[in-house]
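Asker: Model the full structure from these sequences, guided by the hints.
Residue numbers (our numbering), protein chains in the order written: chain L, 1 to 173; chain U, 1001 to 1551.
Misleading hints may appear alongside valid ones.
What the hints assert, rightly or not - Pair by pair, the computed Cβ-Cβ distance ranges are:
| id | chain 1 | residue 1 | chain 2 | residue 2 | range |
| --- | --- | --- | --- | --- | --- |
| 1 | L | E8 | U | L1098 | 32 to 40 Å |
| 2 | U | E1272 | L | F139 | 29 to 37 Å |
| 3 | U | R1209 | L | F80 | 20 to 28 Å |
| 4 | L | S143 | U | N1460 | 34 to 42 Å |
| 5 | U | A1332 | L | F80 | 34 to 42 Å |
As the list claims (entries may be wrong) - Listed below are the simulated EDC-like cross-link pairs for lysine to aspartate or glutamate, each with C-alpha atoms no more than 16 Å apart in a straight line:
| id | chain 1 | residue 1 | chain 2 | residue 2 |
| --- | --- | --- | --- | --- |
| 6 | U | K1248 | L | D82 |
| 7 | U | K1037 | L | D20 |
| 8 | U | K1077 | U | D1103 |
| 9 | U | K1544 | U | E1515 |
| 10 | U | K1190 | U | D1137 |
| 11 | U | K1190 | U | D1244 |
| 12 | U | K1077 | U | E1107 |
| 13 | U | K1165 | U | D1244 |
| 14 | L | K81 | L | D111 |
| 15 | U | K1190 | U | E1519 |
| 16 | U | K1165 | L | E18 |
| 17 | L | K81 | U | D1137 |
| 18 | L | K81 | U | E1035 |
| 19 | U | K1165 | U | D1176 |
| 20 | U | K1037 | U | D1013 |
| 21 | U | K1544 | U | E1499 |
| 22 | U | K1077 | U | E1493 |
| 23 | L | K81 | U | D1244 |
Bear in mind the hints are in silico, worked out from the structure with no lab data behind them. We put the beta carbon where it would ideally sit given N, CA and C, even for glycine.
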Amino acid sequence: MALIRNRELAQDDWVYLEDDTPVPAEGGVIVSRARWQAERDVLAGRNAPIGVRLAPGDGPEVVAADAGRLDLVAIPFDHFKDGRGYSTARLLRQRHGFTGELRAVGNVLRDQLAFLERCGFDSFEYAGATDPAAALRAFDEISVVYQTAVDRRATAAARRNHPSQAFANGTSG
Amino acid sequence: MYLYDEIDQSLVDERVVQFRDQVRRRMSGELSEDEFKPLRLMNGVYLQLHAYMLRVAIPYGTLSSEQLRKLAWIARKYDRGYGHFTTRQNLQFNWPALENLPDILAELASVQMHALQTSGNCIRNVTADQYAGVAADEVVDPRIHAEIIRQWSTLHPEFSFLPRKFKIAVTGASADRAAVKVHDIGLVAKRNPAGELGFEVIVGGGQGRTPMVGPTIREFLPERHLLSYLEAVLRVYNQLGRRDNMYKARIKIQVHETGVAAFTEMVEREWEAIRDSAVDLPAGERERIAAYFIAPRYAPPGDAVATHTRHLAEDAAFARWVETNVAPHRAAGYAIANISLKPIGGVPGDATAEQMEAVAALADRFSRSEIRVTHEQNLVLPHVRQDDLYAVWQTLRAYDLHTPNLGLISDIIACPGLDYCALANARSIPLAQQISERFADLDRQHAIGELKVKISGCINACGHHHVGHIGILGVDRKGEEYYQITLGGSGAEDASLGEIIGPAFASDRVVDAIETLVEAYLGVRTDGERFLDTYRRVGADPFKEALYGAH
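Answerer: Rendered as structure tokens:
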């Protein structure tokens, strides 16, 4: 499994913590949503990055109130066909103001990457069987977007109506 | 009609390159069939019983003559010389080879066409009234908003992995020719008392194994909010729609289980949060798209009507075709000409390359180079001067496209059925052919009047049997093909679901059963009463009695 972050292959500097493993003093850890809810103050009081891995089916409301305290939220895709995480990501970014790392985990395949990125994910635990470096090309295969999304790319409509400005600044999400 | 600019063209061109790479990875073995499946599905490629099938999008059923000629060319070069028009206004090629699919998509892109989102659990190709822009009873040309929806839904980042497929239909007229009440979302354009344009929003209709007539969740949505409202509906559905059981994953199940009021409240709450964000189109874009749908400048009628009247008097066969297949046009001296793809004994919706080219040539000469595809699997020339109708008909006759049976018993909708489809339980096409042949006599068909027969080869209901005046559903009974008959369905503005009349019939009995039903109808109808209206008036009993008698 390879980690893609901001469209590059990256070293994973986060560690997943089992629910019964003691919390280390240092280093970024990702805990389950259940553990986060049970030990929130202890975990947030640590002087190190903290991340939460949502459970399948968890909506954004599960961590919405903590959006400002979390450094990472991992959203699971147990099967690529389960697209709930796309909405969860958009809402965390656009409605709840989450600005930390938003990570797609699970059955994350090459041909989902561009959709995921548009919804606000910036890191991906790539599960594809093929060369992850080749998968990076998937981000740029389609240059046209018709919808406003989290990535603030200029939509087709914005480019048509304000060509120079749209190319320079993007459009509001 | 809408024309791509450089931006639209880039997308379809890039999509071809992307799919070419996906096919290359599949053919080299880098992708398994399982991994390839979601990729091909999003480009309209199915693996059917005998071969791959490619479903080409014809957004809201509007085609140029150039596009139709290209489809004919593809049919000849890459298929077996024909294509099949579907109930969602698309066209299917049944025999393309996998390695040719990228080239076919490139050919389509060269005439501003694609196969995007004609399958898969995404927002499917949007459909609309085939008389858009020419119907007399229209508030607005629904293709404006259908095109807006087409663009918004294309490769939507949030809604490409929905619980299940999602179909949107739009009409701008009071007569519903787009079956909006049996779609995941149906939109009916209307004006409020202040004269402003907006939409009635119907959510959660559908056919399949759990047919439902969709409830209206909003009586009037101001036009400018269309996309944000759709986004709100889709977001609620994407988050809450069932993913544990594909048979319960359509939005109709969610609306039903949540309750219409509670579901509506969820949508409205979501919409409140996004209605004034940038989801809706920026100023100017709606007008830019609408400009492509401004009505053509029609010539003054002159003596078109008089000439047409003379043709009618001189040729009874022509007059019969006009009576059934020609509809009133909003412009004086013009007409809407329907082209039946249901010749007696033919395969419903099939057209050969030669027929497609003949229709394209007619469109160039007589209909502003424009063709429409109907959800009832026929074609339309939308802008024909009345005095040209005779020449149009003569050409149609030379290509066996002149059958005067629109809306009659032989104008049958049928899914591909067990002849092609991997899901089917029974054949649909041969049954449609047999019914058509049994009622081949056009005098008899005309005497029977409007009667919509719709046949599905399985419970997925691609042949719309639930909304047939007579619906026929193929079922498998211990390896034998049986057919269950429903009566009283309608997919129009008076939408209703058909009711099962009784035990199913073996394949060699079903045509007799249809004839028995028709005779029973003729025995109890009042003057001018359609089959559907008779059924609604007298109920099922006379039909049950005729079919099953004392048994």
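Asker: Compare the structure with the hints numbered earlier in the document and write down the numbers of the violated ones, lowest to highest.
Answerer: 5, 7, 11, 15, 16, 17, 19, 20, 22
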